[in-house]
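With my numbering applied, the sequence shown corresponds to residues 3 to 282, in that order.
It should be emphasised that the hints constitute simulated quantities derived from the structure, not laboratory data.
C-beta: ideal position from N, C-alpha, C; glycine also.
One or more hints might be untrue.
[Unchecked claim] The calculated label-pair distances, taken between Cβ atoms and stated as ranges, are:
| id | residue 1 | residue 2 | range |
| --- | --- | --- | --- |
| 1 | Ala178 | Thr66 | 22 to 28 Å |
| 2 | Arg236 | Pro26 | 29 to 35 Å |
| 3 | Pro70 | Gly30 | 38 to 44 Å |
| 4 | Lys276 | Pro9 | 22 to 28 Å |
| 5 | Pro70 | Asn226 | 31 to 37 Å |
| 6 | Arg219 | Val73 | 26 to 32 Å |
| 7 | Lys186 | Asp89 | 35 to 41 Å |
| 8 | Ala41 | Tyr151 | 27 to 33 Å |
| 9 | Glu148 | Ala172 | 38 to 44 Å |
| 10 | Pro4 | Glu175 | 48 to 54 Å |
| 11 | Lys186 | Pro93 | 32 to 38 Å |
| 12 | Glu171 | Asp259 | 31 to 37 Å |
| 13 | Glu175 | Asp259 | 31 to 37 Å |
| 14 | Glu171 | Ala81 | 24 to 30 Å |
[Unchecked claim] Listed next, the in silico DMTMM-like pairs over lysine to aspartate or glutamate satisfying Cα-Cα at most 25 Å (straight line):
| id | residue 1 | residue 2 |
| --- | --- | --- |
| 15 | Lys108 | Asp91 |
| 16 | Lys85 | Asp126 |
| 17 | Lys186 | Glu232 |
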Amino acid sequence: MPLKITPLTPAIGAEIRGVDLGAPLGAGVVEEIYRALLAHLVIFFRGQKLAPGALVRLGEAFGTLDRPHPVYPPVEGFAEVVKLENDGDRPADTNEWHADLTFRRKPPFASILHAITIPEAGGDTLWASMYAAYEALPATVRTQIEPLYAVHDMGSFRNAALGRDNDVEAMNEALAQTGSAVHKVVARHPVTGRSLLYVNQSFTRHIVGLSTTDSDRLLHYLYNHANRPEFQVRFRWSEGAVAMWDNRASQHYAVADYAPAYRCMNRVTVVDDKRAGEVK
Numbered sequence: 003m004p005l006k007i008t009p010l011t012p013a014i015g016a017e018i019r020g021v022d023l024g025a026p027l028g029a030g031v032v033e034e035i036y037r038a039l040l041a042h043l044v045i046f047f048r049g050q051k052l053a054p055g056a057l058v059r060l061g062e063a064f065g066t067l068d069r070p071h072p073v074y075p076p077v078e079g080f081a082e083v084v085k086l087e088n089d090g091d092r093p094a095d096t097n098e099w100h101a102d103l104t105f106r107r108k109p110p111f112a113s114i115l116h117a118i119t120i121p122e123a124g125g126d127t128l129w130a131s132m133y134a135a136y137e138a139l140p141a142t143v144r145t146q147i148e149p150l151y152a153v154h155d156m157g158s159f160r161n162a163a164l165g166r167d168n169d170v171e172a173m174n175e176a177l178a179q180t181g182s183a184v185h186k187v188v189a190r191h192p193v194t195g196r197s198l199l200y201v202n203q204s205f206t207r208h209i210v211g212l213s214t215t216d217s218d219r220l221l222h223y224l225y226n227h228a229n230r231p232e233f234q235v236r237f238r239w240s241e242g243a244v245a246m247w248d249n250r251a252s253q254h255y256a257v258a259d260y261a262p263a264y265r266c267m268n269r270v271t272v273v274d275d276k277r278a279g280e281v282k
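Given only the sequences and the hints, what does the whole structure look like? Please build it.
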């Protein structure tokens, strides 16, 4: 039986029903999910029971999993599963628009996030389409930014590296290990071939070839442009809900409005898209 796929906005997001992600998935179902991901950039599933091992199997159906995350701890016994816990003593630090790990030379393909415990109110996550953001730019701006490159580094993750003890040496070591990367400001999706805006407020630091003043001015213009509701979907979490997003063409923002309530999520990050080059 085909999956029931309901788009949530014209630009981004769809909810999928009719599948148990914790059960073994046939190749046809995985292909349907993959095509929905390409079409909608972020897809949602409600009421899923996923033990960490099942979450790993789900991620591996789409590609190679990352391990470990440079900042967040893993679930015990599962190096691939990142445990994201926040409350009054562990404030959330992902309330900035970002695509995951763009300071790497090859940022990951996708992430899958499973809600374990959610607060009674708050804790929504927003995603934005960078296809839509690029296509809505004035033609003169698209022409201006087409040849440009930008430097990405670990950005706000510096704070986590510094830690509560303000360990400057630990930060220096983290910066040395993580490094930085240079990416096109206008990227091409490796599967769809569509153009997209590829800068994000958390990790993009400088436009190559511009002065700091001119780079900051252009980047802030692009950030403000991309932060428009027309490009976004907002998801209200429920226990067991799953979100999977294409990190190559979207950004997300985790709303940190629920402290001191407790929120716990498990996540796997898919580094390589094993279907890239096969699907157009």
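Consistency of the hints with the structure:
{"no.": "1", "hint": "Ala178 x Thr66: 22 to 28 Å", "verdict": "25 Å, holds"}
{"no.": "2", "hint": "Arg236 x Pro26: 29 to 35 Å", "verdict": "32 Å, holds"}
{"no.": "3", "hint": "Pro70 x Gly30: 38 to 44 Å", "verdict": "33 Å, violated"}
{"no.": "4", "hint": "Lys276 x Pro9: 22 to 28 Å", "verdict": "26 Å, holds"}
{"no.": "5", "hint": "Pro70 x Asn226: 31 to 37 Å", "verdict": "34 Å, holds"}
{"no.": "6", "hint": "Arg219 x Val73: 26 to 32 Å", "verdict": "30 Å, holds"}
{"no.": "7", "hint": "Lys186 x Asp89: 35 to 41 Å", "verdict": "39 Å, holds"}
{"no.": "8", "hint": "Ala41 x Tyr151: 27 to 33 Å", "verdict": "29 Å, holds"}
{"no.": "9", "hint": "Glu148 x Ala172: 38 to 44 Å", "verdict": "39 Å, holds"}
{"no.": "10", "hint": "Pro4 x Glu175: 48 to 54 Å", "verdict": "50 Å, holds"}
{"no.": "11", "hint": "Lys186 x Pro93: 32 to 38 Å", "verdict": "34 Å, holds"}
{"no.": "12", "hint": "Glu171 x Asp259: 31 to 37 Å", "verdict": "34 Å, holds"}
{"no.": "13", "hint": "Glu175 x Asp259: 31 to 37 Å", "verdict": "33 Å, holds"}
{"no.": "14", "hint": "Glu171 x Ala81: 24 to 30 Å", "verdict": "25 Å, holds"}
{"no.": "15", "hint": "Lys108 x Asp91", "verdict": "33 Å, violated"}
{"no.": "16", "hint": "Lys85 x Asp126", "verdict": "17 Å, holds"}
{"no.": "17", "hint": "Lys186 x Glu232", "verdict": "24 Å, holds"}
In the structure shown, a violation is registered for the earlier hints numbered 3, 15, in ascending order.
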